[in-house]
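Once you have looked at the hints, place chains W, P and D with the ligands on chain R.
Read off the chains here:
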Amino acid sequence: MTLNIEKDVLMLMLERMWRIRHFELKLTEMYGAGEIGGVHLYIGQEAVAVGACAAMDDSDYIAGNHRSHGHPIAKGANLKKAMAEIFGRIDGYCKGKGGSMHLADFSVGILGESGIVASSVPVATGAALASKLEGKKFVSAVFFGDGASNQGACHESMNLASVWNLPTIFICENNQYAVTTSYRDTVAVEHISDRAQAYNMPGVLVDGQDAIAMYEATREAVRRARNGEGPTLIEALTYRFEEHSLGLEKIRKSVYREDKEIDEWRLRDPLEILTKNIVDTGMATQAECDAVSTAVQVEVEEAAEFARNSPFPDESELYKDMFSSEMPVV
Amino acid sequence: MTLNIEKDVLMLMLERMWRIRHFELKLTEMYGAGEIGGVHLYIGQEAVAVGACAAMDDSDYIAGNHRSHGHPIAKGANLKKAMAEIFGRIDGYCKGKGGSMHLADFSVGILGESGIVASSVPVATGAALASKLEGKKFVSAVFFGDGASNQGACHESMNLASVWNLPTIFICENNQYAVTTSYRDTVAVEHISDRAQAYNMPGVLVDGQDAIAMYEATREAVRRARNGEGPTLIEALTYRFEEHSLGLEKIRKSVYREDKEIDEWRLRDPLEILTKNIVDTGMATQAECDAVSTAVQVEVEEAAEFARNSPFPDESELYKDMFSSEMPVV
Amino acid sequence: MTEKMFMQALGMGIAEEMRADPKVFLMGEDVRASVYGAAAGLHDEFGDDRILNTPLSENGFFGAAVGAAAVGMRPVVETLTSFMWVGMDQLVSQAAKMRYMFGGQATLPVVYRAVMYYGGGSAAHHSDRSYPVFMNIGGLKVVTPGTPADAKGLMKTAIRDDDPVIIFEDGTLLGTRGDVPDEPDFFVPFGVANILREGTDVTLVAIAGSVPHALAAAKELASEGVSVEVIDPRTLVPLDKETILSSVAKTGRLVVADPAAKVCSAASEIMSIVGEEAFWDLQAPMQKAASKQVHIPFAQSLEKLVYPSKEGIAESIRKTLD
Amino acid sequence: MTEKMFMQALGMGIAEEMRADPKVFLMGEDVRASVYGAAAGLHDEFGDDRILNTPLSENGFFGAAVGAAAVGMRPVVETLTSFMWVGMDQLVSQAAKMRYMFGGQATLPVVYRAVMYYGGGSAAHHSDRSYPVFMNIGGLKVVTPGTPADAKGLMKTAIRDDDPVIIFEDGTLLGTRGDVPDEPDFFVPFGVANILREGTDVTLVAIAGSVPHALAAAKELASEGVSVEVIDPRTLVPLDKETILSSVAKTGRLVVADPAAKVCSAASEIMSIVGEEAFWDLQAPMQKAASKQVHIPFAQSLEKLVYPSKEGIAESIRKTLD
Ligand SMILES: Cc1ncc(C[n+]2csc(CCOP(=O)(O)OP(=O)(O)O)c2C)c(N)n1
Ligand SMILES: Cc1ncc(C[n+]2csc(CCOP(=O)(O)OP(=O)(O)O)c2C)c(N)n1
Ligand SMILES: [Mg+2]
Ligand SMILES: [Mg+2]
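Protein chains in written order, with the numbering used here: chain R, 13 to 342; chain W, 13 to 342; chain P, 27 to 348; chain D, 27 to 348.
So that you can see chain R by itself, here it is in the shape it has in the complex (with noise of 0.2 Å):
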């Protein structure tokens, strides 16, 4: 078995992925010591987003949802940023304002997570369409979940994308549930990614615990999108291995999921896959893949300890930010 894939994508996959697995397990280890609240974590879906923006470049756009900090790591935020953000902190991506789910970084690409699900779609529509107009190449991929692909805004979006040919990319990260509601109790048709048709696009499942396929059905997109053939649909198909958030379980009363679900899902670990994948395909040894996530540990560890260390804003921050010049305030 061969890779058409290259030794350095596939090692900067491999690294992103641990890094948003990393990230978040310390996250999780920080929400257990009360030292942050809770948010949403990605654990489990990690090759959807570090699949996806491999295969852009740095000038291109995405944007994403409130299950927030996969997309932008994978798109290359600076961890210590992300880290400080969530802590609420000056030095983070948004001087402390947006916390864990509002992280952007719009050097890199990132136009923002939304905590208002299916919100962020239009925008990312929109990103593509000033691409088009000023004649430039670059693409805007968005991030939405299963329960998303609900909302009037993804259609509106969608439809909005193919009539205008837009370098936009559509990436339904199909984790089965929003909050406790299954998919199967909410979206009507078998696949979301059949959708695309209503919009005459192409639409493309994808296994999305393989980073590589969800790096190669988005080069495609990529491709297409640059080439002025217009939008594409990716639905990738995963689970959350965690809770819908941190804190969650304590309130839940209702069992959505059986523990046996689960456990299948689990053994299909991004991580786990990807690295098999590389070392049975000869691109690097097991020892140079976990040298990869050792050495992300220390990163996160220092970003931990760069939020504990940044200062919370001040008072004068507040009014900051509401305009672009200072306005009297009332």
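It should be emphasised that the hints constitute simulated quantities derived from the structure, not laboratory data.
Idealized CB from N, CA, C, for every residue including glycine.
All the pointers check out, no bait thrown in.
Cross-link-like lysine-lysine pairs, in silico, DSS-like; alpha carbons within 30 Å at most:
hint : chain 1 : residue 1 : chain 2 : residue 2
1    : W       : K332      : D       : K318
2    : R       : K332      : P       : K318
3    : D       : K345      : P       : K276
4    : P       : K49       : W       : K149
5    : R       : K288      : R       : K272
6    : R       : K332      : D       : K267
7    : W       : K332      : D       : K336
8    : R       : K332      : P       : K330
9    : D       : K330      : W       : K92
10   : W       : K38       : D       : K330
11   : R       : K332      : D       : K49
12   : D       : K267      : P       : K267
13   : D       : K336      : D       : K245
14   : P       : K49       : W       : K148
15   : W       : K144      : P       : K49
16   : P       : K345      : D       : K276
17   : P       : K267      : D       : K318
18   : P       : K276      : P       : K245
19   : D       : K267      : P       : K336
20   : R       : K332      : P       : K345
21   : D       : K318      : P       : K318
Away from chain R, derived, C-beta distances all over 12 Å, residues of chain W:
hint : residue
22   : E18
23   : L37
24   : E41
25   : E47
26   : K144
27   : R235
28   : E241
29   : R269
30   : L279
31   : D292
32   : E300
33   : L330
34   : K332
35   : S337
36   : V341
Same frame as chain R, but now just chains W, P and D with the ligands:
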């Protein structure tokens, strides 16, 4: 050739179509005379609402849109009350508060027209939800345009009706333009009915100039709905013979449809098509059909007189109907 | 009377009304699991047919509730204030306007339960306090319970009401406790303010989550010899103007504590009424103790500066006494 | 200076800015045909690439404008106030909040042109005057031109502004005429009120479509020997408080004429400011001459009762003199 449809249904359809036609010809005349303001004419599309409503009972519900006289008249609205409403008089359906775009008659299942495009689609879906929750047998249909189909409200409602298996009938009147914009420029898919696949419901493309075809398609949708088999999307391909609204030609600057196209569609007048069908199959004579038109004309003249003679709402009406019981004026 | 949490009181109110009338049903995202708390136990008692988990389609299901209500059901819809923007068209164009524009034909007994999470680091996308918006729009009753007893009593009144109601459930109050009447015939009427504390020097109108802070401030001022009358309007539409105006007639001073952003807030409205209708009673400038006009920042060091606090309210009261 | 209609002045402003900056483009439903008037001629001059007809998807294209602005374009979006409810989430959650919640990273030079049709029998679904809602929400600049010159000058400033702006184009003013500067460097700054008429007895703040009625009322009162100062704030966010407060310091009396529904209106806000910050200057109760708190009825016999008219405003002025 024989018709799989009874004579009284055919004659009822013919009558209601003439009602719409003469009612709106009268409105056009009154607009010219400065008696009323601009309204959206349904002329050319009569077969859609009439064919559909003929397949429903009084206890079934419909909701409509800004092209707002055809649906209620097709469902059995009283012409006097409708005309008086368009005149803004106290004897109108809404006591003069609604006007042309908000005709409603809850007593015969007309949940009302809506000026906000696609806004009545969720409402009609909710009436169907009530039918299901209470174990009743009524169905709920909603008329919306090709332009409206791009609204998120349509997506959300069709998905909801499908996953909840509601007795909703979605009737998209594709008259091919939204004001000056061709649906080919705004709807990403060839036929709006194709979108039914995205909601796992039947999608039926019907000749909207043919009342009998509309009747039959709706009859099947009603059967399914009453039988607990869920929603249907019907696309009626049709054409508006007149401008988007009375008066718009004066401010419109660009030509968006060719005279040739208009002329061709005018050859497919739904009244002529139905009459020919009735006469050719021997269900009634041309004279009988003509008599229907003549009788309706008298009815319309009476409605006009009624409207003109009805008083304007009195000042004391202003705060009424904001709430179900009297509230302190603020 | 039993001591209950505000959140439980809301649930009690819903449960009692669901028992009383089979036309009442609850719908929303993850309501079966009661992710937001107040619906705990309802799914067990009432089952799938009356507790409906919806897709993530606020505009769609807000509107479906309108339609169901229009033909005779009594839906209770759960959401968060910040998700209402997504379904705004159905709230404004249909729920609020339908009755009027159809000349009274539509009766819409639908309740929207809008949870307001704020104050705990939920950041800009999850922290709206949007009742002033709905006050301006009109056609919707706007309810802001300030105590557990009111949470139950106003919820029950809302469900029995024949008009569309939005009940704003203040997240900062959900965990507060208080005596709640057990009787199923306990209802709190709309349009009747609650005088939480009588006083003679200053009228302090307190809305939703500012109620506890207002009471604390009043207590502090009492120790300084200032007698503060604390009034919770309980419903903003309809608003019990009379109670506020008579209090100002007595005290000559007005402070309004309002967790909403201050511009065009409920506080603005109440001050405009008093400035027009009770001007001659006023002995000092009115004071607006509302939230600062910013989006909600995540960092606690900033967020805590935004809302009216006990200290802020006390300071506003003192200003009226200068 | 050339005499122009308000509607033409809006179009001039857009055209000049499109000429000046290739990043400016116009999008909306049927803008190529200029169904609402102000975009007349733009398609001929700027072509398909810069004048975009959108599908009927307000939430989608309002948000697309945000995204395009976030990466450097300067979209101008045409819509009606009443359609904004449909796209409310993108206006509130994205346009208004993005900059703040991302700590200043997002610069969003997007202009929403919200035409306000009312007064001509458009009925409840087409007659909203919703600027107070956006004043409460925050993060959006709120512009309400009252004269043709301001229509042009504020439009140009809006397009050059780096923040999201909603410009409310009052339908009752679209046909009014006035002198409009021809110079392409004519800009009307935000946050600077326009004193339309100086006076010493009463301050009359007039918003959007109430400007002509206010001027007519002031004229009428002048003939009765009352000197009315008429102030058009021009922008409600930012609001030129100082001009209003200094006028009240001089006159001691305040009337606010506002076509928005009166509860939580711009009038409420301005009165709350004056009641707090200029209380000691006031010599009489403030008067709110805003629209009645009803949806807009279709019948002219009813609709004409709703809005502040010359007579209504004059009556309010007289009340301050009692
Ligand atoms: C408009 C809106 N409605 C509801 C919510 C509350 N909420 C947050 S996440 C979520 C589930 C989202 O499901 P999905 O899109 O599948 O993403 P996932 O959480 O599974 O990653 C819900 C209901 C929200 N944030 N925004
Ligand atoms: C939400 C909304 N956006 C825009 C409008 C303005 N408008 C009224 S009718 C119309 C076109 C509707 O097209 P379609 O749905 O195809 O119906 P048709 O007029 O062709 O019958 C538009 C843009 C509106 N009323 N509501
Ligand atoms: Mg999911
Ligand atoms: Mg059409």
